[in-house]
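**Student:** Listed here are the chains, written in short residue letters.
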Amino acid sequence: MTFSAGDLFLILPELLVTAAACVVFALDPVLHSSKKDGLAWLSLGTLAVCMGLTASQMSHAASAFGGLVVIDAYGCFWKLLLYFVTGLTVLLSYSYLKEERLYFGEYYGFVLLALSGMMVMVSAVDLLTIYLGTELMSLSLYVMAGLKRSEPRSLEASAKYFVLGAFSSGILLYGISLLYGATGSTRLPAIAAAVSGRSLDDPLLLFATILLAVGFSFKLAVVPFHMWTPDVYQGAPTSVTAFMAVASKAASFGAFLRVFVEGLGGLKANWSAIFLLLCIATLVLGNVVALVQTNIKRMLAYSSIAHAGYALIGVVAAGRLGGSAVSSNGIASVLLYLALYAFMTFGAFAIVAMLRKGGIEGEEIEDFTGLAKRHPLAALLMMIFMVSLAGIPPTAGFIGKFYVFMSAVEAGMAWLAVVALIFAAVSAYYYLRLVMVMYMREPGEVTATSPRLVMSPSLSIVLACAVAGVVIFGFYPNPLVNLATQAVLTLK
Amino acid sequence: MAQLFFGYFAGVIALTAVLVVALKNPIYSALSLLVMFFHVAGLYVTLHAEFLAAVQIIVYAGAILVLYLFVVMLLNVKRDDRYHGQWRIAGFVCIPLLLEFMILLAGGIAASPGPVPAESTGGVTGGNTLAIGETLFSTYLFPFEVASLILLVAMIGAIILAKRDVGGDAPQ
Numbered sequence: 001m002t003f004s005a006g007d008l009f010l011i012l013p014e015l016l017v018t019a020a021a022c023v024v025f026a027l028d029p030v031l032h033s034s035k036k037d038g039l040a041w042l043s044l045g046t047l048a049v050c051m052g053l054t055a056s057q058m059s060h061a062a063s064a065f066g067g068l069v070v071i072d073a074y075g076c077f078w079k080l081l082l083y084f085v086t087g088l089t090v091l092l093s094y095s096y097l098k099e100e101r102l103y104f105g106e107y108y109g110f111v112l113l114a115l116s117g118m119m120v121m122v123s124a125v126d127l128l129t130i131y132l133g134t135e136l137m138s139l140s141l142y143v144m145a146g147l148k149r150s151e152p153r154s155l156e157a158s159a160k161y162f163v164l165g166a167f168s169s170g171i172l173l174y175g176i177s178l179l180y181g182a183t184g185s186t187r188l189p190a191i192a193a194a195v196s197g198r199s200l201d202d203p204l205l206l207f208a209t210i211l212l213a214v215g216f217s218f219k220l221a222v223v224p225f226h227m228w229t230p231d232v233y234q235g236a237p238t239s240v241t242a243f244m245a246v247a248s249k250a251a252s253f254g255a256f257l258r259v260f261v262e263g264l265g266g267l268k269a270n271w272s273a274i275f276l277l278l279c280i281a282t283l284v285l286g287n288v289v290a291l292v293q294t295n296i297k298r299m300l301a302y303s304s305i306a307h308a309g310y311a312l313i314g315v316v317a318a319g320r321l322g323g324s325a326v327s328s329n330g331i332a333s334v335l336l337y338l339a340l341y342a343f344m345t346f347g348a349f350a351i352v353a354m355l356r357k358g359g360i361e362g363e364e365i366e367d368f369t370g371l372a373k374r375h376p377l378a379a380l381l382m383m384i385f386m387v388s389l390a391g392i393p394p395t396a397g398f399i400g401k402f403y404v405f406m407s408a409v410e411a412g413m414a415w416l417a418v419v420a421l422i423f424a425a426v427s428a429y430y431y432l433r434l435v436m437v438m439y440m441r442e443p444g445e446v447t448a449t450s451p452r453l454v455m456s457p458s459l460s461i462v463l464a465c466a467v468a469g470v471v472i473f474g475f476y477p478n479p480l481v482n483l484a485t486q487a488v489l490t491l492k
Numbered sequence: 001m002a003q004l005f006f007g008y009f010a011g012v013i014a015l016t017a018v019l020v021v022a023l024k025n026p027i028y029s030a031l032s033l034l035v036m037f038f039h040v041a042g043l044y045v046t047l048h049a050e051f052l053a054a055v056q057i058i059v060y061a062g063a064i065l066v067l068y069l070f071v072v073m074l075l076n077v078k079r080d081d082r083y084h085g086q087w088r089i090a091g092f093v094c095i096p097l098l099l100e101f102m103i104l105l106a107g108g109i110a111a112s113p114g115p116v117p118a119e120s121t122g123g124v125t126g127g128n129t130l131a132i133g134e135t136l137f138s139t140y141l142f143p144f145e146v147a148s149l150i151l152l153v154a155m156i157g158a159i160i161l162a163k164r165d166v167g168g169d170a171p172q
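Top to bottom, those sequences are chains G and L.
Residue 1 is where the first sequence starts when you use the numbering used here, and the numbers rise one by one after that.
Residue 1 is where the second sequence starts when you use the numbering used here, and the numbers rise one by one after that.
Chain G on its own, in the form it takes in the complex (with noise of 0.2 Å):
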C-alpha cells in the first residue's frame, strides 16, 4: 500500500503548518532581531491559506493514508476553530512577548507545531496515529509552558507539565495497546466492527475502555485528573495558558469524542456511567474551588475545569440515548460548547495578559481594582467575558449551556441538568465578583507600579475577535449550531 500524490493533497493544511515551522525555525538564527515581527506575519498568513483550504474541504469525505486519515466535515470543524485560536494566540503573543521581553523567534515555530500535532489528532481514525499528535501538541506545550526562563514559576509548570503529560500518555498508550489486543486493530472503523455487540463484562475491553478514559481527561483536565492544570495554566506565559485552555482542550475534545463515538461507540452505555460520574465530579471541584481563588489566572484555571465538565454533559447526553440522532445533538453541544467556550476564556486570558503591574503581570484578582475608572473599554469587555463564562443571556456563554442542558434533558436526565446549573449559579459568584471588583471598587493613587494596561494594535484585534464572536453568537447562534450539527453528522 503506497501514498499518491492525492494523499499529500488532502492533508495540505498539515503540510502547510509544518512547511511554516520549519521556516520559522529555519529563519530565526539568521533574522536580525528587529525583523523578527516578520515570523509572526508568516504564520499568520499561513493560517489563512490553510483556513481557505480546510473551509473548502469542509464538504469533502476522503480518507488518505491507507484510512489512517480522514477529511471530513467534523475534523474541518475542529482544524477551523484551532486555526482562528492560534491566530489570536499569535496576535496575542505579538504584543505579550514584547512585553515580557522573551524575544524567541522560535515561539512561533512550537506554536505552529502544536497546531499541526492538533490537526492530527483530529483528523487520524488510527489509535497510532492520534497518539502521535497529542505527543506532538503536548511537547511543543511543555516546551512554551516554561519559554519564561528567568521565571522559576514557569519552569515547574514546565516540569510538572511534562511529567505528568508523560504518566498520562503512558496509560494513554496503554489503553491503546490492550484495546489492540482486544480487537485485533489500532483503526477506529475495524474497532467499532470488533467490539459492536460486545459488552465490558469482557476484562480486556473494560480496562482498555477505562485507561482510555483516563488518559484522555488527563488532557481534558477532567477531575480527578486535573491535579496539573492550575499549576500549570498559572505558571506558563500568559499567551500559552490561552492557548492551552483553548485549542488544547478543544483539540483533546476532538481526537477524545472521535475516539469514543466512531471507535467505542457500541460501549456507549457503558462509558456514558464512566463520564457521568467524572462530569458530576468536575462542575463541583472545578466550581466550588474556583471560589476561594485569589490569582486571576488560577481561578480562570478552575474555571476552564468546570467547562470542562459542561462539555462532558453533552458526551453523556450523547451516551444515553440508543437513537443516532438524539445522541449526535448531544455531540454538537459539545462542539458549540467549546466553539463559544474558545471565544470567552480567550478574551479573558488576552485581557489578562495585558494588564501589567510595573514590569510584570498583574494577574491577582486585587489588581482589577478600579479598572472601569482607569479603563473603561477594557473593564467593560472583561464584564461582557465575565458574564458568558457565567452562562448568563444573552451572550455565547448562555448558547452554549443551553444546548449542552438541552441534550441532557432530552437524553432523560433532567436532573444532570439541574445540577449543572445549581453550579453554573455557584460559578456566577466567583465570575461576577471579578466584575465587582472592577466597578464598585475605587482605584488606588496612581504610582508607577500600579497596575495599567498595555494597548496595542494587535491586542485590539484580539479583543475585537473575542468580543465579537461572545456578543455575535449569544444572538445569533444558527450559523455555528448548524456547523457543529452538520459537522456530527460525518462521525460514524
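For the record, the hints were derived by calculation from the structure and aren't laboratory data.
All values reported here derive from a predicted model rather than from experimental measurement.
Treat the hints with care, as some may be off.
Unchecked claim - Think about it this way: if two alpha-carbon atoms lie no more than 20 Å apart in a straight line, the pair counts; the simulated SDA-like pairs of lysine to any residue are:
1. G:Lys492 / G:Glu151
2. L:Lys163 / G:Glu151
3. L:Lys163 / G:Tyr103
4. L:Lys24 / L:Gly91
5. L:Lys163 / G:Ser150
6. G:Lys36 / G:Lys492
7. G:Lys357 / G:Pro443
8. G:Lys160 / L:Ala158
9. G:Lys98 / L:Ile160
10. L:Lys163 / G:Arg153
Said to hold, decoys possible - Some chain L residues flagged as far from chain G (calculated, every beta-carbon gap over 12 Å):
11. Val59
12. Ile64
13. Gly107
14. Thr139
Claimed, not checked - Distance ranges between label pairs, derived from CB positions:
15. G:Val49 / L:Leu151: 25 to 33 Å
16. L:Leu104 / G:Asp202: 22 to 30 Å
17. L:Leu75 / G:Leu380: 53 to 61 Å
Note that CB positions come from ideal geometry on N, CA and C, so glycine has one too.
Chain G is fixed; fit chain L onto it per the hints.
**Tutor:** Frame of chain G; chain L shown alone:
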C-alpha cells in the same frame, strides 16, 4: 546447537541480573546490566527477531543505560547508603514472578497454544527488519512522519530550555 546458545544466554542473563542487585558499587551494577542487555539481545537473535535485537541494543544499552550512568555519576550515589542493599526490593519483585512461574509450570503450559514456529514471524524474505521497514514506509508512513516531527520538537525544545543566555535582552 540452539539449546547450547540458549543455555549460555539464559545463564549469563540470570547471573548478571543477580549481580545488578548484589553488587555494592552502582557503576558495576550498571555495567552488569549492560552485559545483561546484550545477552537478552542475543536471545532475540536466536529467536529470529534480528530487528528487536538491534533495537534492544540501541535503545536499552545505547540510550537508557547511558542515562542511568549519567544519573549515577551526577548524584554520586556511591557514598549514599540509601541506594545500597536492593535485596528487599528485588525480593519483593521476585516473589510474584516466582509464583507466576510456578503456576505456569503447574498447569498453565498445557493450556497455552504451544510454541509458534519462529519462521512464521519472518514471512517476508529478507528478514523482519525489511518487513518492518516496508510497513513503516508504506502503511504507516503518516504516523512515522509525525513521529519525526515529535523528535524535532524535542530536540529544539531541549536546546531552547537549556541554552545558557536567556533570550531576554536581545533586541535593538
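**Student:** Confirm or reject each hint.
**Tutor:** Structure-based check of all given hints:
no., hint, result
1, G:Lys492 / G:Glu151, "47 Å, violated"
2, L:Lys163 / G:Glu151, "15 Å, holds"
3, L:Lys163 / G:Tyr103, "14 Å, holds"
4, L:Lys24 / L:Gly91, "17 Å, holds"
5, L:Lys163 / G:Ser150, "12 Å, holds"
6, G:Lys36 / G:Lys492, "45 Å, violated"
7, G:Lys357 / G:Pro443, "14 Å, holds"
8, G:Lys160 / L:Ala158, "16 Å, holds"
9, G:Lys98 / L:Ile160, "18 Å, holds"
10, L:Lys163 / G:Arg153, "18 Å, holds"
11, Val59, "16 Å, holds"
12, Ile64, "15 Å, holds"
13, Gly107, "21 Å, holds"
14, Thr139, "5 Å, violated"
15, G:Val49 / L:Leu151: 25 to 33 Å, "26 Å, holds"
16, L:Leu104 / G:Asp202: 22 to 30 Å, "23 Å, holds"
17, L:Leu75 / G:Leu380: 53 to 61 Å, "56 Å, holds"
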